[in-house]
Amino acid sequence: MEPLRQSILPKPNDTWESIAARNLGQLNQDVAIAQLQSWNLHIFARRVLTEDGELQQPILPSDIVFIEPPKPADPAD
Amino acid sequence: MDTIIRNGMIADGTGKPLFTADIGIINDRIVEIGAITGQANHEIDASGKIVSPGFIDPHTHFDAQLLWDGAAKPAIEHGITTIVPGNCSLSLAPLKAEHRMKLVGMFNQIEEMPHKAFSEGVTWDWETFEEYIERIQRDLSINVAPLVGHSLLRLWVMSDAAMSRAATPEEISDMADLLSRCIAAGAVGLSTSFVDMDERLQPVPSRYACTTELDGLCKVLSETGKLLQVVHEFYDTDLTLARIDQLAELSLKFDITTTLSPLFLNADNQEGVQAIMKRVDAQMQRGARVWPQVQTRPIDISFSFAVPSLLFIRLPSWYALMRFSDHDGIKAAFEDPAKRAALVQEASAMMPLWSVLTLRRVNTEKNAHLVGQTLAAIASERDSNPLDVMIDLSIEEDLDAHFLAASMGHNDDLAVADLLKQPNVMIGASDGGAHILSFSTYGDTGYLFSKFVRDCAAMSVELAVQKITSEPAEIWGIAERGQLKPGFIADITIFDAATIARGEEYYVQDVPGEGFRYVRDAQGVSQVLISGAVAYDQTYGYSEARTGKIV
Amino acid sequence: MSAWVSDVRLAAAHEGVAELVVTLTYDNGGESHIPLAPEVSHILMTRCAAASAQDLIGQSWTHIRDALSEAYNSEIR
Chain A
0 MEPLRQSILP KPNDTWESIA ARNLGQLNQD VAIAQLQSWN LHIFARRVLT EDGELQQPIL
60 PSDIVFIEPP KPADPAD
Chain B
0 MDTIIRNGMI ADGTGKPLFT ADIGIINDRI VEIGAITGQA NHEIDASGKI VSPGFIDPHT
60 HFDAQLLWDG AAKPAIEHGI TTIVPGNCSL SLAPLKAEHR MKLVGMFNQI EEMPHKAFSE
120 GVTWDWETFE EYIERIQRDL SINVAPLVGH SLLRLWVMSD AAMSRAATPE EISDMADLLS
180 RCIAAGAVGL STSFVDMDER LQPVPSRYAC TTELDGLCKV LSETGKLLQV VHEFYDTDLT
240 LARIDQLAEL SLKFDITTTL SPLFLNADNQ EGVQAIMKRV DAQMQRGARV WPQVQTRPID
300 ISFSFAVPSL LFIRLPSWYA LMRFSDHDGI KAAFEDPAKR AALVQEASAM MPLWSVLTLR
360 RVNTEKNAHL VGQTLAAIAS ERDSNPLDVM IDLSIEEDLD AHFLAASMGH NDDLAVADLL
420 KQPNVMIGAS DGGAHILSFS TYGDTGYLFS KFVRDCAAMS VELAVQKITS EPAEIWGIAE
480 RGQLKPGFIA DITIFDAATI ARGEEYYVQD VPGEGFRYVR DAQGVSQVLI SGAVAYDQTY
540 GYSEARTGKI V
Chain C
0 MSAWVSDVRL AAAHEGVAEL VVTLTYDNGG ESHIPLAPEV SHILMTRCAA ASAQDLIGQS
60 WTHIRDALSE AYNSEIR
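Residue numbers (numbering that gives the first Met the number 0), protein chains in the order written: chain A, 0 to 76; chain B, 0 to 550; chain C, 0 to 76.
Derived from the structure by calculation, the hints contain no laboratory data.
Treat the hints loosely; a few may be bogus.
[To be verified] Now the in silico label distances, taken between C-beta atoms and shown as ranges:
id : chain 1 : residue 1 : chain 2 : residue 2 : range
1  : C       : Gln-53    : B       : Ala-183   : 44 to 50 Å
2  : A       : Arg-21    : B       : Leu-436   : 27 to 33 Å
3  : C       : Gln-53    : B       : Asp-399   : 27 to 33 Å
4  : B       : Leu-436   : A       : Glu-50    : 24 to 30 Å
[To be verified] Straight-line Cα separation of at most 16 Å, EDC-like style, residue types lysine to aspartate or glutamate; simulated pairs:
id : chain 1 : residue 1 : chain 2 : residue 2
5  : B       : Lys-338   : B       : Asp-387
6  : B       : Lys-330   : B       : Asp-387
7  : A       : Lys-10    : B       : Asp-214
8  : B       : Lys-484   : B       : Glu-473
9  : B       : Lys-330   : B       : Glu-270
10 : B       : Lys-330   : B       : Asp-397
11 : B       : Lys-101   : A       : Glu-50
12 : B       : Lys-101   : B       : Glu-198
13 : B       : Lys-218   : B       : Asp-159
14 : B       : Lys-277   : A       : Glu-50
15 : B       : Lys-95    : B       : Glu-130
16 : B       : Lys-72    : B       : Glu-473
17 : A       : Lys-70    : B       : Glu-270
18 : B       : Lys-277   : A       : Glu-16
19 : B       : Lys-277   : B       : Asp-417
20 : A       : Lys-70    : C       : Asp-26
21 : B       : Lys-330   : B       : Asp-399
22 : B       : Lys-101   : B       : Asp-173
23 : A       : Lys-70    : C       : Glu-30
24 : B       : Lys-115   : B       : Asp-417
25 : B       : Lys-365   : B       : Asp-397
[As the list claims (entries may be wrong)] Sample of chain C residues with no beta-carbon within 12 Å of chain B, all distances over it, derived:
id : residue
26 : Trp-3
27 : Thr-22
28 : Thr-24
29 : Asp-26
30 : His-32
31 : Ser-51
32 : Gly-57
33 : Ser-59
34 : His-62
35 : Arg-64
36 : Asp-65
A virtual CB, placed ideally from N, CA and C, is assigned to each residue, including glycine.
With the hints as constraints, model all of the structure from the sequences given.
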């Protein structure tokens, strides 16, 4: 079945940069990352600092990452 | 015959219309249904009552409670004869000694099980899943269909690395072997979580699993005919839709049953729930097995002025007071006539809400009799108004007066009834045994009958029984249970359709370590039999029978 | 601005507390609803200098991202 909204499951060690390059390569990287982040705010709802204050990879292997915005409501629905 | 249940109205679990009959039991099995002429050692008069298969609760967190209470009280008195613990990636086994405190932290963070309940109620005398099963079987009144938690598999195999990275192929293979052993010991499936956070607010171990790992574990489920349970990003429609598609692909690829929980229906997400069910139906049509779980009870909001609540976020003065003042500052503002008048003035626009609030908990003796009453009723008694009563009680209780706004979510009864009735919805997600300090997770079965069968007349008693007996038994692969049928195990609930209800919620100190929890006493459930023995009787209470099984 | 707050409302969270649900509207007209726990909501209110939840309407999605990050990665945790 066709997905209702395009998303990916991350590859190992994926970052915002790598996903932006792979899926939104036509855009300037900063713009692409900003768009990705605005579509995936659920990825920020977690602690990504270690006990030592080090930054961990925020994107998890089990995350769904949307690569397009939410669809507008279909007036036919 | 050992037992005959006489003259009951039989709801056999299949949805077939009620019929009057006797049920004969020998040992743990139903042997006859019909007009039975002989006598039995024990006879139960069920005249005027519904006799149904014992109810199955497919989403619980009774894992810890089963170590000190093999009846999972008060589950049985609500008609439940089989529970599924170990949901949401969290079980209590397999668990190495060095990770015990880690798991206690996760249970505390995610399911609100107090640390002291573990330190004073649990003797840690197991590590493997087999040992845990052996441990709880010693004193079991209720049947248990246990899930094994994905986070536990990761901790066992990967140790602390489980909390920071994807698994190697060797580790995935080890986890698959471990899952096979847990299933051989009685696990009915695997639970995983895409959403939960541990006690450090970092993702639980299962969230670090890549698709290869999930595939490796689903292969074991496929080989053994077991089920995958997930807790998904239930707060977001698009994420839920994507998870349904992911689970459907896993279901088709491995020929497994999957279930996701919870699914809520709120006033402003009705279109989202429609889209979700449309997708579930389409995936089921393709042959995938993806069962969303929907709870029967509405969601309440509770608060006290000891912790700032967002209920006041539309009221600038209240919000600023709670956000930026400490305990003494809030009390001083409530006691200052001018400040209080301004607060009352600002909040008066929301008077309909304050009127329906109920007083949930107090500490002082003098106000104890007011617990359970609405602020409107207390205001009437005190010749005051609900808003002033809320402030006065908060002052009198040193801000530790707790208020409840009941049925604030999942509360459109007719719409929820329509959802519960859908053939591709599993009734579940009670969370029994969890969130014990916040609300009662018991009595959802009574609420199903009192609200949706009786009050709303939205579904038949036969359908309601089917949805919590034969249907979950079939989905979860629980053999010889879920129907009243000769040859099946005699797990039987006898109840009065006119009075069955979940009972009032109250706060009780019955958790090890002098802990408290919210519970509800069942109403209208006469007897509950488990494997042919009376486990609960409305008159005599819980029996000494220990006939619960790992199913 | 690729997405902005177009509505706010209170909802009952699964855990039995009130949560703030923020509606984000994207450039294409699509919407998403972001539930925010009390602590995240308080930080968002401060970041947006909001006295009432209604004051959040019109704010950029970046405030939500930053409030989530701050709430989950605070030293206090």
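query: In ascending order, which of the hints set out earlier in this document are inconsistent with the structure?
result: 1, 2, 9, 13, 14, 16, 18, 22, 24, 27, 30 and 31
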